[in-house]
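Q: If you want the building blocks of each chain, they are given just below.
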Amino acid sequence: MANGLVMLLRTIHLWFYLSAVISDSSFNFQIGARVKDNVQAFLLRVTIAGKTPIRLVEDRFVNVTTLMSTAFMSGRTLFYVLEQMYINEITLFQFGFENKFYYMLQNKNSLEYSFQVSFLPSQQFMIGVQYPTSKLEGALKYYICDPYGMPLRFLSNDTFDCTKRPWYKTAKSALSSHWAPPFLQVPFYIPVISFVTPIINYTFNGTRLGFVGATAANVQLSQISDFLRSSYLGTDINVFIVEKASMNLIANSLNATASLRHSDGTVVSDLVPTIYIY
Amino acid sequence: MIDYNERRLITLSMCFFVWQSLMPALKSESSIISGATNLLIQKNWPNYLIIFNGLYLQSVLYTDSTPGIIWYIVILLPAQQQPDHLGADAPQYYVSLVASIIAIVICVTALSLTIYFWKSRMMQLAQPIFIVVVQMGCVLLGIACIVFLGPNNTANCSARIFLFNIALTIAFCPLLIKCYRVYIMFVYSFTAHVLNHGGSNKLLTKKSFALSLFGFVAVDLLIILVSVYSRSRGSAPYKSTQLSNNGAYVEFTYCGYHKLDEFFYSEMAYKASLVLVACYLSFTIRSVVDGIAGSKVLLAIVYNTAFIGAIVIALVRSVESVQTVIMCQILGICYCIIVASVLIIAPTLYSIAYVGDKVAANEVIDEMFEARLQNAVS
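Chains as they are written, first to last, in this note's numbering: chain E, 1 to 278; chain S, 1 to 378.
Wrong hints could be hidden among the right ones.
[Stated by the list, open to error] From the derived model, a few chain S residues whose C-beta atoms are all more than 12 Å from chain E:
(1) 27
(2) 132
(3) 342
[To be verified] Chain E stretches covered by chain S per the calculated footprint, using a threshold of three residues with CB under 8 Å from any CB of chain S:
(4) 39 to 52
(5) 159 to 169
(6) 227 to 240
(7) 245 to 251
FYI, nobody ran anything at the bench for these hints, they're computed from the structure. Keep in mind the model is a prediction, meaning the values are calculated, not measured. Glycine residues also receive a C-beta, built at the ideal position from the N, C-alpha and C atoms.
Please work from the sequences and hints to get the whole structure.
A: Following this line, the structure appears as structure tokens:
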């Protein structure tokens, strides 16, 4: 009798729940693990790309001791092909040295994304180079890049000290491959993270130095957001990433901006870019 | 040097130039991101699943193999919400609402017919005061069914606990009193002296009926006040974070007496004892003349109430879906009040309509005399 009543109740219960149970999209805990793997794969691609310039240097494709005299050629060898390969992941490759020698190669897509203006109408990349000088003001020169990775036209110049940048400081303090925490990339103060690798144990001007400089591959935070959006397009899944230490928003697939914008020109850093147009 | 067009474009881009800084997640323009982050911080980034704004939230701590990156990756998925009340968004809401309205309409119609035929002989023999009170209780129970719907707010929680319990007592206790009176007069005394002219125990007076009913209601009120309102919370709604049936922690709003065992069991003991006594009495008076005692009708109503009540209580205790539970309760109550309010008046109305009030009353009296003679002979 009691068993019969229990069976009856279970049947009624099942009947009431059947439709709900069938349509119930209960959370699959594996999804979290898969999203984590996806993000890891993205960062791994950046890591591989970020370590490649140092491998090229170690394999003597580029001679560090003559880097200054062959800056454009060396920069092209180290970064140009990589930048084209990882154009969706990496917005800028750069190296800087203790003597303030600096080279960077930036793709224009990220700039277009940030400012929604066709900044560089016909060329893909922008090159910046700064030779060691006692006078930093106006020493960094920007060029439009030709289709072969060489400077085509002079664009503007800027004041810049690579040794004071967060990515450089991170490499110098860590002395190993490291992720620099999110910072604002000059000259346009775009929020980025940077995979940095120190250049250590090289001879400069006849002197063997420990840390001589660093290379960095910058990932624009909006590129991580783009990656998340494209990964989960057409699904019910949304993802956002928060940095544990600062609680800053790193990226999201919800089309929310990952940066605060100060359109009134409020200065947010002491490193204010100056662009001179000739 | 750059040409004029390039310079113009660069100048244009500078017009659009905006300074940017990093965005704290709590200040995100997306209310989902800021709200979810706030909730996760409050809960110290739990590794279990929680629900926020209809979304599952799962946070995963990601530490990259290269030092420097420690991120919380938060995954959001539409959640199957487990409701804490029966709201208008559920199909059960409309089923329950329609059932309640139909039940109220039927009960009010039955009540109106009782009042309309109040002075008829058959109605007078059936003691209309009992019938009217039962039907009024049924109408109140129908209203209580509507109050069961909607969110668990202060007004609803208070109204539900009083309206349902008092209405049930008002609807059921007249049946018990009637069973008891019939039992005392026709079974317990072994003599059918109901029709003895001037007999002191002929019928229950209105005063004693009102006092008896008030006594039952007072006991009910006492149980509610002691078991629910002696606690600081009373019936006021409260919020509780619990593991829902889909594995996520959700904040539910419950009435103060939700899963309050002392209230549930004391009320159940009280109501169950009333029903059981009524079942026993109605069974013992089953052979008493139906015209006056309405014994078979009483038997049907009481056993129907007991059976449906047992099923509803079993469902309430076994099914976890609040919506299903409330719908089952409402359907059960509606069925019982329709049966009670219709059955209690149906034989009387049938006799008036098809036999005729005077003829039917005479037949009842004749039947009583025959029964009395048979009792005397035996």
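Q: Give a verdict on every hint.
A: Results for each hint:
no.	hint	result
1	27	7 Å, violated
2	132	35 Å, holds
3	342	25 Å, holds
4	39 to 52	holds (count 4)
5	159 to 169	violated (count 0)
6	227 to 240	holds (count 5)
7	245 to 251	holds (count 6)
Hint compliance for this structure: hints 1, 5 are broken, all remaining hints hold.
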